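First residue of the sequence shown? That's 1 in the UniProt record's numbering, and the numbers climb one at a time after it.
If you are wondering where the hints come from, they were derived from the structure by calculation, not from laboratory data.
In this text the structure is predicted, and so the values were computed from the model without any measurement.
Heads up, some of the hints might be wrong.
As the list claims (entries may be wrong) - Here are the simulated DSBU-like pairs of lysine-lysine, each with C-alpha atoms no more than 35 Å apart in a straight line:
id	residue 1	residue 2
1	Lys475	Lys282
2	Lys282	Lys508
3	Lys508	Lys461
4	Lys475	Lys531
5	Lys461	Lys510
6	Lys465	Lys531
7	Lys529	Lys461
8	Lys510	Lys475
9	Lys510	Lys531
10	Lys531	Lys461
11	Lys508	Lys465
To be verified - Here are the simulated distance ranges between beta carbons:
id	residue 1	residue 2	range
12	Gly243	Gln11	29 to 35 Å
13	Ala95	Ile172	30 to 36 Å
14	Asp298	Arg10	53 to 59 Å
15	Leu201	Pro307	40 to 46 Å
16	Leu201	Ser360	21 to 27 Å
17	Asn174	Ile329	27 to 33 Å
18	Leu347	Phe247	36 to 42 Å
19	Asp298	Leu201	47 to 53 Å
20	Phe247	Ala215	52 to 58 Å
21	Leu347	Gln303	19 to 25 Å
Think of the CB as a built atom: it goes at the ideal place given N, C-alpha and C, for glycine as much as any other residue.
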Amino acid sequence: MAMSLSSMQRQWIYALSAIALLATCLIYWPTIHFNFVWDDWLSFHDTPWLTQGDQWRHYMLRGFNNWQFYFRPLVVGFFALQVRLFDGLPGPMHATSLALHLIDVSLVGALAWRCIRASGMETTRRAWLVPLSMAIYGLHPVLIETVAWVGCQFELILILLTLVGLIANVSIRNPWLRAASITPIFFLAACAKEAALSFPLLLALFDWTLFSGGAEQPFVASITGVLRRNWPTYLGMVLAGIGYLAFRHWALGSVTSHFLSASSSPMGHLWEVSTVYLHYVKMLVWPVSEMGPIHPYDPEMFQGAAPPGSLFGIAITFIIAGSGLYLTIRDKSVAGAMIVGATVALLPVLRIIPVAFDLSLYHERYVSLSLAILCTMLPLIRQPDWLKAAGRQTVVRSMAVILTFFWLTFSVLAIRGLLPNWRSDPALWEWALASHPHEAFAKLNLLTAYARIRDDQAALKLGDKIVADPASCDKCMLRIAELAILQHAPSRAAAALERARQSPMMAKNKAMLHEYYLLTGRMLAQQGKLKDAEEVLQAASALAPQDVETTHALRLVQSLRGQTTRANQ
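Generate coordinates for the entire structure from the input sequences, incorporating the hints supplied.
Shown next, in the form of structure tokens:
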């Protein structure tokens, strides 16, 4: 039987929870002074789709950032509201992200408390774990990307809606009112981000953990009890899911893109999934060593037969996930449920359904919901019988306190050290390039960042390094040539264009070939080779007759040639 808390105990728990929120707020407060990063510029600044007229209504449903199967109307609409309300300034949008994170931290605590009450456990001791759960979630370094990048409000709102739905499931006693509340929440979560497909499974897991009876109750009886309690909610989620898929199909013309796996065999695919899963497990424990905006990989590593070493990773994955599922079903173990919950929250990003859409193998932001589920279940962990001896209990508690203190301390230090890397695009991509010095994506983005702030010297210096680097970066070479031409440095442009010309992609990519011809023509014009420039620009115009920039460059060269001819006469 759960014992109620005294007034003094409640005040202390509220105070500690407030301290956890305050610490989280203070540690992330610098983000309100951060600029946009990465595709925030494209989403909120450089393009008119959210700011001019009623275009936002179209891009809420389709075509946002020209991403074909991107369907997140709830958050895109929220972005449109922010861009208009804050006049496109990054500071208030960062403040919104921080506010969403603080709400999520509060909801983690609220769900943890509701779970304690629903479990019938003694609240006088376990309630003290609620502010600890909030602190661990709020100050976990893996959330740096999620909080510091405005574009990650998709994650923050998905977590918010998922936690609200789970709180409603635990708190509302009337089954029909519960179903009527959770059904629209699930629909909204799906409209926030596709990863909401894990929501029904998480809700079923919480039902099994809290409302299926004791471990001694037979499996069939447990299933029957859960269904008897919550079948209207399950039915509502099925209907909401069908409605969402119909809505998505109406908006996009299709539910999803064609599946495409990086692996060519079932074993290779299993290796790919297990590799991603183990990376996320490591992130949950301690993510700092490999953090960054990108985690590039070679898709060919999963092609062909899986090497013998991959079997170890596959085995570890099955041991972790399998033991969690076994303990959850057989013993109704909270530790097992935590493993299952974390795994279920990761299902949409484990590449189980093979969709090729990302240059990175994994991202920190994808583990945010998984971490939230772990933290909400933390206060439910039961003490093993072998620890109940007085001496052992004291030692284990002391060790737990010490480890928690040091973990939180190092987390705060890690956030303070890594957070400034997200303050601006140049800082972000300098960090990424330092971690991956030959990565083409980081090079290109850093060049673009320097060009955006008009740091021409830094851009040219970086360009010289990229040209000297034997690693391939075709788009970088074209970007370097463009910057060099703008600086009237045709010799630099010539070196970059020569590297670009040698790329095998030039013959395969019509747009790249057009850009190469255009830049070559402009470079030749700067060198005074007007006849050669005209011929190259005519070739560029043949590839893209409607391109305004090419037409303008060609007319300018033809005009200069005419002036030169008349002067010579």
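How the hints compare with the structure:
| no. | hint | verdict |
| --- | --- | --- |
| 1 | Lys475 <-> Lys282 | holds, 33 Å |
| 2 | Lys282 <-> Lys508 | violated, 39 Å |
| 3 | Lys508 <-> Lys461 | holds, 30 Å |
| 4 | Lys475 <-> Lys531 | holds, 27 Å |
| 5 | Lys461 <-> Lys510 | holds, 29 Å |
| 6 | Lys465 <-> Lys531 | holds, 32 Å |
| 7 | Lys529 <-> Lys461 | holds, 27 Å |
| 8 | Lys510 <-> Lys475 | holds, 13 Å |
| 9 | Lys510 <-> Lys531 | holds, 24 Å |
| 10 | Lys531 <-> Lys461 | holds, 31 Å |
| 11 | Lys508 <-> Lys465 | holds, 26 Å |
| 12 | Gly243 <-> Gln11: 29 to 35 Å | violated, 45 Å |
| 13 | Ala95 <-> Ile172: 30 to 36 Å | holds, 32 Å |
| 14 | Asp298 <-> Arg10: 53 to 59 Å | holds, 55 Å |
| 15 | Leu201 <-> Pro307: 40 to 46 Å | violated, 32 Å |
| 16 | Leu201 <-> Ser360: 21 to 27 Å | holds, 25 Å |
| 17 | Asn174 <-> Ile329: 27 to 33 Å | holds, 29 Å |
| 18 | Leu347 <-> Phe247: 36 to 42 Å | violated, 22 Å |
| 19 | Asp298 <-> Leu201: 47 to 53 Å | violated, 32 Å |
| 20 | Phe247 <-> Ala215: 52 to 58 Å | violated, 41 Å |
| 21 | Leu347 <-> Gln303: 19 to 25 Å | holds, 24 Å |
When held up to the earlier numbered hints, the structure conflicts with 2, 12, 15, 18, 19 and 20 and fits the remainder.
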